[in-house]
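Engineer: Listed below are the residues making up each chain.
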Amino acid sequence: MNDVVPLPVLLPLFGCGAALMFSRRPRVQRAITVSVLVAVVAIASMLLVAADRHGPQVAWLGSWPRPLGLALVADRVSALMLLVSAIVTLAVLVYSLAQGGASEDDESTPVSIYHPTFMVLVAGVSNAFLAGDLFNLFVSFEMLLFASYVLLTLGGTESRIRAGTIYVVINMVSSALFLIAIAAVYAATGSLNFAQLSERLGDLPDGVALTLQLLLLTVFAIKAAVFPLSFWLPDSYPTAPAPVTAVFAGLLTKVGVYAILRTQTLLFPDSPLSNLLLWTAFATMLVGILGAVAQSDVKRMLSFTLVSHIGYMILGIALGSAEGLAGATLYVVHHITIQTVLFLVVGLIEYRTGTTSLLRLGGLAKTAPFIAILFFIPAMNLAGIPPLSGYLGKIGLLQAAVADGSTTAYVLVGGAVVTSLLTLYAMAKAWALAFWRSEEQAREMSKALNEAAAEHDEPSLRHITKRAVEKNASEADRVMPTDVALAAGATEGDEEVDDLYDKPLHAREGATPRTLMWPTTALVAFSIALTVVAGPLFGLTERASVDMKARTPYVNAVLGDDR
Amino acid sequence: MSANLTLIITAASLIGVSVYLLLERSLTRVLVGLLMLGNGVNLLFMVAAGPSGHPPVAGKVSAEDMTDPLPQALVLTAIVIALGTTAFALAMAYRSWQLNGHDDVQDDVEDAAIRRRALRDEASDSYDLTTGGPDDDDSAPEEKA
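For the protein sequence lines, the chains are F and X, in the order given.
For the first sequence, full-length UniProt numbering assigns the number 1 to the initial residue and increments by one for each residue that follows.
For the second sequence, full-length UniProt numbering assigns the number 1 to the initial residue and increments by one for each residue that follows.
Keep in mind the hints are simulated off the structure, nothing from the lab.
Keep in mind that a hint or two might mislead.
[To be verified] Distance windows between CB atoms, simulated: (1) F:403 with X:77: 40 to 48 Å; (2) X:26 with F:208: 36 to 44 Å; (3) F:403 with X:26: 35 to 43 Å.
Positions of the beta carbon are idealized from the N, C-alpha and C atoms, including for glycine.
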């Protein structure tokens, strides 16, 4: 079983090469990438079963003598993450097949580049989950980040370049920080292997260990978008094409969370920083969700809820108890699925209506009832309505916090409940505006908003409504006006815009293609299935967290018993 | 272990300069900053490698006299990755120049909107979505202005 551990990394990389070779033959390319991901799903489930039954699966690469060289490790947590991420990426890939073909985003989806890059992203994510040493983790971060740079700026439109610039610079700086952390760890311990580090870091002087821990936490907190290092996220994600945003939102931040989980449990188990982490979790939850409540664009709103719910996972990790870790792991699994599926549904809405602005959308419950159902279930799940998996994950975390019993933990319980409530508010607002009200109401409101904006001479509001209208109206000219141009030309073209408001919203009549619908439906079904199997799943995460707390299964599996 | 002070000072000044450059608006300058940051960090790996020694070629010198080869391997990887990212960032700077005539790193849309309000001394109103317009108490800050 140990020999298949590298396959989730190798297969997508081979798939990338093969896809590049067939870049002129889209059908072959798609067949390759989809079958590669199906294989990864199969391998990941095999690994999960093996890791659960026989303990961590380890592959040493390059046949170096044991403590040297690279180790890939699949224990329960990483195998579980691997499986969920493989399923989610498969769904997103199938979803994007239709998007590329149906020319939803012609400006932006050169398919021949999309597929190979997506494969590199998958390889990077798998490698990050399997990495058994810090430098390999760094390399996998770079792999997935590089793929994400390309995917985020696909097509090189103005808004994407603007958002992409910030994203790339932030991530390059965080990579440099990661390298500094790695150099410091190596200088202090002479090793980068997680298993060896877990034995050696304990012997360091407290100050040195604390410095290393803070360095690593800062790096991973940037990747995971933990407040106050989260400000890059809500600005950069929404500009990308829907499937790209979906896979970013589902996976990239969770890789950061997973890295924090590993560092906190394996490397620094007697963490003196749990209070700091608890408070950052608190701030992440509340600041994120308050940002979400204030948004008028569904994509931006979801990006803010993404930041907010990272707080829950950090809460579980910060508690550090077996229950807390189990809850955090379960929440990661739940959140990867839900956040991805929500962004996919938003992609459906955008496909159907040409806009994601809540000021403009309306009447979707009547015109697109199936999309409404697909939105409603994960939205309620995100907000934590029983009996869905979001509720179970939150209950697990809250119980762990109550069991902890400290005042801070109780404050966090309060914060988590308030966040959950505000999530429900944000989701209900989106539901009421986009789905429940009639189209006439929506049209009236955008008109009224436009007039009010003209009265107040408020370019930003005009910006929002006008952009939504323009996007709906003209398929060809989608370049977003810059702020400067908008401020200068705010008054021109009013009549035009007013006419546009009277047009019906549907950019596309008729049914949304099945190839877009069924991956989304399948993923919604998967999220419901998570609820159904929550008992065994919780059992699995509990066993995983007991192992994480004990540390010996991991260390023994990696270094062997003959140390 | 005694560390090489020259390396540390060089790395520190490179990183210091890079932080200054990172705070610039122009993407090209930011990029130069990132390059210097990368170089500074790579020097830190040389510090982490410990005392200098003979080249780590098996059979030429005894293992005790060799310098630690692993940080060098890490630095090589880091250099390759930095090369790729730099090329990508350059392409982005060029594309930004094509589109806008400059390569300035631009503001978050939201931040820009907030700043415009601040310039006009307006309170931030989250739009009252139910009545269909900025709510009525919006006029209060305007009177003040």
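Engineer: With reference to the structure, classify each hint as holding or not holding.
Structural biologist: For each hint, the structure was consulted:
1. F:403 with X:77: 40 to 48 Å: holds, 43 Å
2. X:26 with F:208: 36 to 44 Å: holds, 38 Å
3. F:403 with X:26: 35 to 43 Å: violated, 53 Å
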